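Residue numbers (our numbering), protein chains in the order written: chain A, 1 to 198; chain B, 1 to 496.
Treat the hints as calculated values from the structure; they're not laboratory data.
Watch out, some of these pointers could steer you wrong.
[Unchecked claim] Chain B regions said to be covered by chain A (calculated; three or more residues, Cβ under 8 Å):
(1) 110-122
(2) 127-141
[Unchecked claim] Have a look at the derived ranges for each label pair, beta carbon to beta carbon:
(3) 23/A with 396/B: 48 to 56 Å
(4) 159/A with 181/B: 13 to 21 Å
(5) 104/A with 396/B: 52 to 60 Å
[Said to hold, decoys possible] Derived contacts from chain B toward chain A, CB cut-off under 7 Å, selection only:
(6) 69
(7) 70
(8) 147
(9) 151
(10) 486
Since we're looking at a predicted model, the values are computed, not measured.
Note that CB positions come from ideal geometry on N, CA and C, so glycine has one too.
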Amino acid sequence: MTVPDILFAISAVAVALLSLCVVLARNPVRSTLLLILSFLPISLVYVLMQASFVAILQVMVYAGAIMMLFTFVIMMINPAPHAGEIPGEEPGAEPSRKSDVLWFALLALLGLVLIVPVRYAAVRMVAQPVTKPDFGGVQSMAQLIFTHPDHNPLTVSFELISILILVGVIAAVNFGRRQAHPTSGSATQANQLKDGNP
Amino acid sequence: MSTPFSTPFLSAFLPDLALLVLALVVLTTEIVFRKHQARWTARVAVAGLAAVLILLAALPLPSGGVAYAGYQVTRSVVVWKQLFALATLATILLSRSYFRNGHSLRGALANPGAFYGLLLFSTTGMFALVSARDLLTFYIGLELATLPLYALTALQPRNAGSIEAGSKYMLMGAFASALSLFGISFLYGAAGSLGFDALAKVASAQPSLSAQPFLLAGVLMLLGSLGFKLAMVPFQMWAPDVYEGAPTAVTAFLSTGSKAAAVAATTTLFLGPLNLPRIDLGAIFALAAVLSLLAGTLGAMRQSNLRRFIAYSSIAQAGYMLMAFTGGEGSEAAARIALQYNLLVYGTASFALFFVVSLVGRSAPETIPSLRGLSARSPALAALLALSLFSLIGIPPLAGFLGKFLLFAVAARNGHYTLIFIGALAVALSFYYYMRLLKEAYQPVQTAENRGAPASAVPLSPIRLSLAGKCAAALLAILLVVLGTCPGMLNFIASR
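Chain A with its partners taken away, still in its complex shape (with noise of 0.2 Å):
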């Protein structure tokens, strides 16, 4: 085992570990909290794929900015006493210990169980180590993105990634303004302005 290795082990624990606290987790705020943790774990595994490039974004864009947003909203809409509590449980009774317990063991089993084909596979495949210098950076990435002479560059698909998003954003818009009546146009129009764009 080399260092590499154990560095893996150490992180993919981790992440397998605070992605399972974020689920379980009662409080949204602590639930945020865990997930940016767990982001840092797999900037960890990046870099040893030697993808550093995405390490360094994972950390910046999604522990840094995406997370805060995250934060904003959830202190802005959640002022309530008894906020993160799933509603339909009384609100002052113990979450049962005994079947969380009892859901990770399964859920360990399952991986564990997992563990025994992904070694075979992983044994049988041809390792391919990365011999370029440049391997992960932002210039290599930008080639991959826009001139790669061996694969098909990927534009099209990174355009397409914007529609993508821009679906996502028109989806979040409509769900969260105030629904106005149908027939008053200006009403709609007014209130996505003051619900819908931040």
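Fit chain B to the given chain A structure using the hints.
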């Protein structure tokens, strides 16, 4: 690879670009028109889609197709795109009345810009999906085709059922997405590239299955994720709930356009680069087909809600279409043509059914008993319903018969006779559940006097069609007959 902005490049990509621009324009039409926003938005969308259809049909294409980056356009891709554009056009025409008050018991739709915009973005995604030349474009096309549909399903925020359906659909879709990404990363590991060419090379070169476990794992995961979009057993659970909760026009699009996109995606991959000669995927497809036929047929028998009924019927139809993937080597062209023809026919019959459902649903819940007395209320509508149901069953000379025949013929090439027998059995059983609708429609209504029971809640006022409605009904009926009797006409259109 062609150079950007040369003539063949433009003639191949202009329809896609036009559709994208149209989606953006439709999104903003709401702001330009202060009055009758829904009507104007629909008009712009219909005019634009007609233009896209004309571009698709009229622009010349070099015989080998045109490719740029991860995108390619060939003859069969153009046929798929025409199918998607037609489904979207029909959905828009069907949805127009739902923006007016009093045209549905579920309440009127709002936000026409978002509704039509999302619909067109979904179509753009389908265009990208069939044009993909690498797995990344394929995946993003798949996402772009389905993401707007989650939002469209949940577009009636006052209707709890719509929100529930939307969340269920999104959660299931997210799971399917994760599955396909997992599969794609395995395939990337096996091939070392995302391109379809490299993938085809690796897939055809492997001497045995155990030499490439990653390839098999990737293929199965991708098949599972496409199974969700197809509503194929065992990934069909979401379909009845989502079909029931979504606005009617969206349900129509889910069962026609979205289904066509899923079939096209499966065709792109599994009759293309992942057509593995040494791994018998045909057996897996045959098993999925049998299970889908069983689940759809048995499920449809028990329904009284029309939308759930249509959902189960569409699961069974997915089962028939899966039979086209069992043909083995050398059947790719026949399978593709059978699927495209079948989707056109199924789409036409479905829209005829939804047309009747939308008119009945104005004053009554969308259930099978609401159809009672339809022949007295509007003989023409009842006749259209009969035509559509006969076509869905596959009774000659209607189009559905030829569609099923082509699918069975593809399965027969590889000797899947048990599968064909089960398919024929499912057709026989489908008689029963489709005829239930027709029986209700042609049954005279029992009045309070001769039954001794309280009068039924179904109002018996005659259904009056607008001029546009009459034209649509006539067009659908003519298509159902003509597609079945003169399928050669399609050949003429496709081989221009």
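Hints, one by one, checked against the model:
1. Under a criterion of three residues with beta carbons nearer than 8 Å to beta carbons of chain A, the stated coverage of the region 110-122 of chain B is upheld, 6 such residues being counted.
2. Counting residues of the region 127-141 of chain B whose beta carbon lies closer than 8 Å to any beta carbon of chain A gives 7, which meets the minimum of three for the stated coverage.
3. Between residue 23/A and residue 396/B the beta carbon distance is about 55 Å. The supplied range of 48 to 56 Å therefore holds.
4. Between residue 159/A and residue 181/B the Cβ separation comes to about 20 Å, which falls inside the hinted range of 13 to 21 Å.
5. Roughly 59 Å separates the CB atoms of residue 104/A and residue 396/B, a value that falls within the hinted 52 to 60 Å.
6. Annotation: residue 69/B was flagged as interfacial toward chain A, and the flag holds, the nearest CB pair being 5 Å apart, inside 7 Å.
7. The restraint placing residue 70/B at the interface with chain A holds, with a minimum CB-CB distance near 5 Å, inside the 7 Å limit.
8. Given the 7 Å rule on beta carbons, the hint for residue 147/B holds: about 5 Å separates it from the nearest Cβ of chain A.
9. Among the interface hints, the one on residue 151/B holds; its C-beta lies about 4 Å from the nearest C-beta in chain A, closer than the 7 Å criterion.
10. With its C-beta approaching chain A no nearer than about 38 Å, residue 486/B sits outside the 7 Å limit, and its interface hint is violated.
Going through the hint list in order, the structure does not satisfy hint 10, though it satisfies all others.
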